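Numbering of the sequence shown is given in the UniProt record's numbering, commencing with residue 1 and proceeding in unit increments.
Fair warning: there could be bad hints in the mix.
Claimed, not checked - Distance ranges between label pairs, derived from CB positions:
id: 1; residue 1: 374; residue 2: 94; range: 33 to 39 Å
id: 2; residue 1: 398; residue 2: 69; range: 29 to 35 Å
id: 3; residue 1: 410; residue 2: 94; range: 37 to 43 Å
id: 4; residue 1: 247; residue 2: 121; range: 30 to 36 Å
id: 5; residue 1: 202; residue 2: 137; range: 20 to 26 Å
id: 6; residue 1: 374; residue 2: 90; range: 21 to 27 Å
id: 7; residue 1: 99; residue 2: 401; range: 40 to 46 Å
id: 8; residue 1: 133; residue 2: 277; range: 42 to 48 Å
Everything labelled a hint here was simulated from the structure, so no lab data went into it.
These numbers come from a predicted model, not from an experiment.
All C-beta atoms, glycine included, are put in the ideal place defined by N, C-alpha and C.
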Amino acid sequence: MHKLADDLHQKLFNEEDARACKDIDGSACREVPGNFFRIIVSQGLTKIGDAVSNPKIVLPALLTAVGAPLALIGLLVPIREAGSLVPQLGIAGYVRQFAVRKWAWVAGSVIQGACILAMAISALLLTGQVAGWSIVGLLVVFSLARGLCSVASKDVLGKTIPKPQRGRLNGWSSSLAGAVTIAAGVGLFSVSDQQHVWVYCALLAFGAVLWWIAAAVYSQVDEYEGATEGGANALTHALSKLRLLVDDRRLRHFVITRSLLLCSALSAPYYVLLASQHSQALAITTASFVAISGIASLLSAPFWGLFADRSSRQVMIMAAVVTALLGLVVVSISHWYPALFSSPWVLPAVYFVLTIAHEGVRLGRKTYIVNMAEGNQRTDYVSVSNTLIGFVLLFMGGVTAWLSQWGLMVVIAVLSALGLLGALMARALPEVER
1 MHKLADDLHQ KLFNEEDARA CKDIDGSACR EVPGNFFRII VSQGLTKIGD AVSNPKIVLP
61 ALLTAVGAPL ALIGLLVPIR EAGSLVPQLG IAGYVRQFAV RKWAWVAGSV IQGACILAMA
121 ISALLLTGQV AGWSIVGLLV VFSLARGLCS VASKDVLGKT IPKPQRGRLN GWSSSLAGAV
181 TIAAGVGLFS VSDQQHVWVY CALLAFGAVL WWIAAAVYSQ VDEYEGATEG GANALTHALS
241 KLRLLVDDRR LRHFVITRSL LLCSALSAPY YVLLASQHSQ ALAITTASFV AISGIASLLS
301 APFWGLFADR SSRQVMIMAA VVTALLGLVV VSISHWYPAL FSSPWVLPAV YFVLTIAHEG
361 VRLGRKTYIV NMAEGNQRTD YVSVSNTLIG FVLLFMGGVT AWLSQWGLMV VIAVLSALGL
421 LGALMARALP EVER
């Protein structure tokens, strides 16, 4: 098995990239091929789990199916995203105590699977407001576990995979997830006329199993021991790291850029809502958007990953520009040719392009921050930036919700403007792959 991994790894990378181990420990170098494929598989499985429990598509449909209050649907994306980001300073201080950090990821993945399965059981046994609040409460726990995985994964990736391979690893894991997500979307189409809660519960149960398999695969990653400074007084040490935003100009610039690039994530629910306003069948809309997101990830992630290994900064710029231009096109159609939205292909095509752009934003900023720092500094950078982004996400979510009283197009136009600003900020960032 080890020889197979070595041979396949050699085929995927040119000789120079395959042998480049300058930025990781020498003892980890010989384990790179095996670790590369273990991380790809485990990340791919969790990305599939994310796709089949998508808070922008699947969970809103589930809450609608169980008769939960509509107000709860608006809480899903902020809780899932900000809930995993805001506590990361404290989580990072806890993770810092461990010289080997893969077990934090394993624990987080097991908890996420348990929460997703519990959501499915709640939807089957409960209805209305009780079901809705049960699912939202489980989503809070899920988000905390997701934050644990986020902090640990960046550190493990930085310790086990060399710089020239990190972007492609993230890209190929997303592509793997995209392929299976397409199948899930097609499966939803086959039962889209039934509109039963069990359809969505089956998706969630499938996702739970994937998280547990991912945990088993990730537990086999060969990770060498790292530094544990700051672990004794975890929270105090973590809070002191907020000073990085004042002292470290490059980190501050990256956090501002990433905040503006939230436009791609925040735009998605409004495009889905726009599509639902022009569709008569909720399950068919859900199925089509699940499949579309899978196709977009499958096709775009390898490109973004390869591009990110050369310049993650350029990836962020390009993805932000695409997001901004797409929003301007949608606003223009709404103003001059609104009848186009009734076409069966226009809004799916729009969501397809948005998903491609969001994949670029996600891969670009992930690769950038991993390559920007080393060792425990990487853990500090990830936790500080994620915690601040969590608060920014809550704020921007509130602002966009307030703006929505003037219509979807106002929200999309504002987010497009933020995308253009994000591209300009990313352009001023230094390169980190050279």
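Structure-based check of all given hints:
For the hinted restraint 33 to 39 Å between residue 374 and residue 94, the CB-CB distance of approximately 21 Å leaves it violated. With their beta carbons about 19 Å apart, residue 398 and residue 69 fall outside the hinted range of 29 to 35 Å. Between residue 410 and residue 94 the beta carbon distance is about 41 Å. The supplied range of 37 to 43 Å therefore holds. Between residue 247 and residue 121, the C-beta spacing of about 48 Å breaks the proposed range 30 to 36 Å.
For the hinted restraint 20 to 26 Å between residue 202 and residue 137, the CB-CB distance of approximately 22 Å keeps it satisfied. Range check, residue 374 to residue 90: about 23 Å between beta-carbon atoms, so the 21 to 27 Å window is met. In this structure, residue 99 and residue 401 meet the distance hint of 40 to 46 Å, their C-beta atoms being roughly 43 Å apart. Between residue 133 and residue 277 the beta carbons are some 26 Å apart, a value that contradicts the proposed interval 42 to 48 Å.
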